[in-house]
Amino acid sequence: MKTIVNGFEYFSPKTLEEALKMLSQYDSEEKEFKVIAGGQSLNLMMKQGILMPECLVSIKGLSELDYLNYDAKEGLKIGALTTHRAIETSDEIQKNFKVLVEMEHNVSSTETRNYGTLAGNFCHGDPGGDPAPVLVALNAIIKMASVKGERTVPAEEFTLDYYETVLGHDELLTEIQIPVIPPNTGVYYTKYSQILGDFALASAAVSITLDDKKEKCTDVRIVLGSVGSTAMRAKKAEEILKGKKITDELLVQAGQAASEESDPTDSVEASEEYKRELVGVLVKRVGKEALERAKKA
Amino acid sequence: MKREYSIIGKPTGNVDGAAKTTGEAKYCFDMSLPNQLYGKHLRSPYAHARILSIDTSEAEKLQGVKAIITGKDVPGGKWGLWRRFRELCDQIALADDKVRFIGEPVACVAATTKDIAEQAIELINVEYEPLPGVFDPLEAIKDDAPLVHDDFENNINATRHIEWGNVDEGFAQADYTREDKFTCFPQAVASMEVHNSLASYDKGSKRLTVWSSTQSPYYLQLGLADALKMREGDIRVIKPHVGGGFGGKNSTMPDSTSAALLSMKTGRPVKIVFNREEEFISTEHRTGMHVALKIGLKKDGKIVARECKVITDGGAYTGLGATALYLSGIFQTFPYKIPNYRYDAFRTYTNKVWATSVRGFGATPTVYCAESQLDRAAKDLGIDPLQIRKMNVMEPGYEAPGQYKVDSCGIMPCIEKMEKRIKEKWPKVEENEGIGFSAFAYMSGGIFNWIDTPYAYSGARVQVNIDGTVDLFTQASDIGQGHNTVSVMICAEELGIGMEDIRLHPADTATTPVDLGAWGSRETLMNGNAIKMAAGQIKQKLVDLARAKLGENIAYDLVAKDKRIYLELRPERGFSYYDIVRDAIKLNDGEPLIGTGHYTPHNKGMISPAYGMGIMAIKAKVDKEIGHIEPQGVLIVHDCGQEINPLGARGQVEGSVHMGLGYCLCEDMPNDNGMLLNPSMNDYKIVRQRDMPQIELMDVPTYEAEGPFGAKEAAEATIAPTAPALANAVFAATGAEFDSNVLKPEKVLKAIRAAEAKKAQKK
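Heads up: the protein sequence lines correspond to chains L and U, in order. Take 1 as the starting number for the first sequence in the numbering used here and just add one per residue. Take 1 as the starting number for the second sequence in the numbering used here and just add one per residue.
There could be a bad hint or two in this list.
Covered stretches of chain U, as calculated for chain L (at least 3 residues, CB under 8 Å) [stated by the list, open to error]:
1. 662–671
2. 676–683
3. 688–695
It is worth saying that the hints were derived from the structure and are not from the lab. All figures in this text were calculated on a predicted structure; none of them were measured in a lab. Ideal Cβ placement from N, Cα and C applies to all residues, glycine included.
Full structure from sequences and hints, please.
Structure, rendered in structure tokens:
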């Protein structure tokens with residue numbers, strides 16, 4: 001029943017270089033530390049006593065990581081300190097990656113979005129988080145840095161399990177890169193929660209690419225959230241749509257396949273059975289909207 | 001006679017609104033005293049266990065720990081709110097021989113910092129002998145069930161029987177009867193401000209001062225007196241601004257008793273603040289209950305009989321739960337004339353945190369059941385939901401034999417106004433949409449005196465100073481509902497002065513006349529009457545003096561209005577209020593003018609002196625694939641007598657609807673063998689601002705002769721109809737019938753499918 005924050009040391013490096021050195025040093029000293037940016041998930045866990053780090057390294061002062069860069073060829077680059085709210089209110093993102101704005105709009109409350117960062121949310125590795133399904137559907141690339149250098153991984157490979165990611169203890173997620181959405185492609189995301197902005201009972205992101213005649217589906221990514229240990233691709237459902245002319249009937253079938261592929265658990269809010277059924281409905285509905293968008297793209 | 005008011009009835013911002021908005025307002029939470037210690041409770045991990053031993057020696061060694069108390073350090077006896085029935089005073093400061101719910105405090109540490117207090121409780125070693133627990137009221141009453149309190153057979157804490165007319169004959173006359181069973185789940189209070197208290201004991205004078213987030217300083221004073229074996233008068237309770245109570249802050253709780261005991265032991269001030277988890281697992285909530293309801297009607301929709309059986313899940317102690325049991329039998333009959341009625345109910349002890357009064361208490365669960373059943377009956381009989389309500393509503397002067405009498409009563413015009421408005425507002429519904437209705441009524445304070453106070457139910461003292469400024473003293477409690485504003489408005493209207501002329505001194509037991517506190521919508525009518533009486537005494541003196549100075553005939557009426565006292569028929573003849581006050585004080589041997597007022601209801605039956613009432617409609621859309629209910633709009637027509645502050649009433653209506661939507665849709669307290677499964681704001685689902693539908697509020701003014709300026713209950717009533725109106729909207733849209741509240745999507749989906757299967761079967 002411990003709920004107060006235990007004593008901890010607090011460091012706030014001013015540059016990325018300084019921060020990475022600090023992480024490297026603490027890592028070698030085997031110090032229990034956590035990186036904090038907006039703190040919207042970490043604070044909660046510390047309050048509940050789930051995490052009790054000896055020290056916090058706040059990267060809030062690394063203004064060099066607070067950016068949104070869009071380029072018509074390169075796509076979107078989101079610095080690690082960019083808040084949900086900055087993404088939600090960006091005209092460029094609204095124009096080129098509308099699905100991100102739609103996703104952000106239902107992440108918790110405005111207060112949380114003002115403080116919390118997209119990268120921090122993603123690093124947290126909560127399978128109920130909103131960004132993961134959308135980033136995976138958008139083929140995002142995750143850039144990480146440590147004193148040893150930089151590396152990148154596809155968003156799909158970033159999260160390993162509940163609250164577990166590929167990020168090394170001495171590493172910092174520095175940037176999320178989202179490639180330009182290919183032509184004839186529509187992307188959509190929806191989550192369902194009884195209360196708006198709450199954690200999803202289930203969510204689905206669908207990206208559909210059509211051929212030049214806008215008839216057949218040449219590529220599709222269906223990503224489910226909140227119904228497994230990480231955001232997950234529903235590959236059997238994708239197979240049902242790939243290469244076909246997508247009809248309502250096919251979308252129902254894809255929904256059923258996704259429902260079977262999903263791996264939800266019973267919770268206070270709903271049973272596993274209900275969540276599976278919900279996945280089917282969401283994939284059908286989100287797929288339909290993604291298809292409409294692809295046709296108009 | 002036309003009533004024209006300068007202040008009453010005008011939308012008025014709260015007197016403390018600016019201070020609250022800017023953060024200037026001080027809550028107990030914000031307070032601290034020099035040399036203060038921090039208290040922290042060690043709580044039971046068992047739902048039911050005997051305490052074999054408590055070893056505090058390790059904790060005492062921790063540097064910074066100044067005192068530790070356990071059950072054996074509590075000097076007083078048990079206490080409770082049902083002081084007329086001492087056997088129902090079952091609360092204890094710290095568990096003595098056994099613990100009765102998970103989270104019950106067994107020890108409390110006072111230390112120099114919060115962290116040290118927190119560490120210290122981990123060093124206390126308690127040896128328990130776990131006992132079998134009982135968690136469901138239907139299990140609790142079985143002969144072989146473990147007893148929560150040894151003296152209460154079958155765990156029955158309280159029983160209630162209400163009856164009038166002849167129910168069996170009533171049902172014999174019925175053309176149509178139906179029976180329904182419901183389970184109403186509990187609801188957490190979840191106030192923004194958690195329970196917290198600051199206690200300071202003066203060893204020299206042997207007096208105690210407690211600042212606390214409470215709904216009733218007087219009840220807390222009584223509770224502390226019982227718990228600490230002290231005289232009431234040696235305990236001073238001060239209520240600063242309070243961030244919500246909703247019924248959950250009427251009882252004396254361990255935040256205040258332990259802080260007081262630790263302050264007495266150490267001679268230093270002690271502050272105890274519950275955290276959110278403690279708030280969920282160890283403070284009071286709305287009672288869960290099983291309800292069996294039978295109704296009998298004539299073909300035309302006239303109700304001839306109703307029978308109701310209720311068994312409530314009381315939890316480990318009594319609180320105000322025994323009152324909720326009584327009111328659950330009463331408010332489900334409102335606002336209808338039910339000629340033959342029988343209610344049998346009992347409250348059970350279980351090994352969970354206990355249930356008490358919560359906003360709309362007594363009404364919210366059983367009105368949900370009764371109004372849901374009424375719509376099912378109306379559908380079976382082919383009668384429109386508003387029509388069936390019109391067939392059965394009360395009229396002014398209606399009396400339920402031996403129980404209550406309703407004087408002002410605007411329910412019929414409310415429904416007529418609703419009929420008209422709904423046709424304009426929602427002329428048609430689309431597929432999967434429905435409109436549901438529920439009527440409602442609630443009390444303007446309770447007449448029942450279970451607290452056994454010898455004082456008047458409310459008191460006020462008004463002092464007018466030489467410059468015309470006024471000091472208004474009353475113990476009435478503003479807990480966020482806006483009563484401070486209502487107090488000042490009533491006083492200003494009566495004296496004919498401005499609100500800025502009045503300084504309010506509220507809720508301090510050492511300096512203000514007793515008021516029983518903020519519960520059951522009692523403050524506006526009861527405290528309003530006391531203030532009006534106190535101010536009225538002074539007004540009379542001023543008017544008499546003005547009349548004498550004018551040399552007018554005694555038959556001429558004078559009024560105090562707009563800071564003048566003048567002849568009603570010749571307004572130019574009169575004096576400035578300020579001038580008259582100066583003269584009056586000179587004539588009073590230089591003493592300020594003092595008026596005292598009090599109110600206790602008489603000859604008004606058992607329940608309440610007056611009842612607010614009305615009708616609510618909710619339009620909802622149902623997603624039949626997911627089971628999601630989306631409330632699209634709320635229409636309310638209410639009769640609250642003369643509105644004192646329409647802005648305040650509106651805010652309170654919105655709050656009631658908000659809490660009612662949560663009760664209907666998502667607020668749930670599931671437990672596993674007594675362990676609450678969602679004790680955090682993350683997991684306990686509360687409707688947020690974005691989920692709120694538009695609310696349109698209309699008024700049917702009546703004049704309640706018993707209330708100040710004709711006022712009575714406003715707004716609290718509207719929590720009760722919210723859940724049934726919404727469930728009835730879903731019923732209208734889909735035919736789905738619900739046998740419980742908390743309409744989470746999975747439950748909704750099942751009910752829709754059951755309704756569809758039933759329909760298919762009929763075909």
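Hints and how they fare:
no., hint, result
1, 662–671, "holds (count 4)"
2, 676–683, "holds (count 5)"
3, 688–695, "holds (count 3)"
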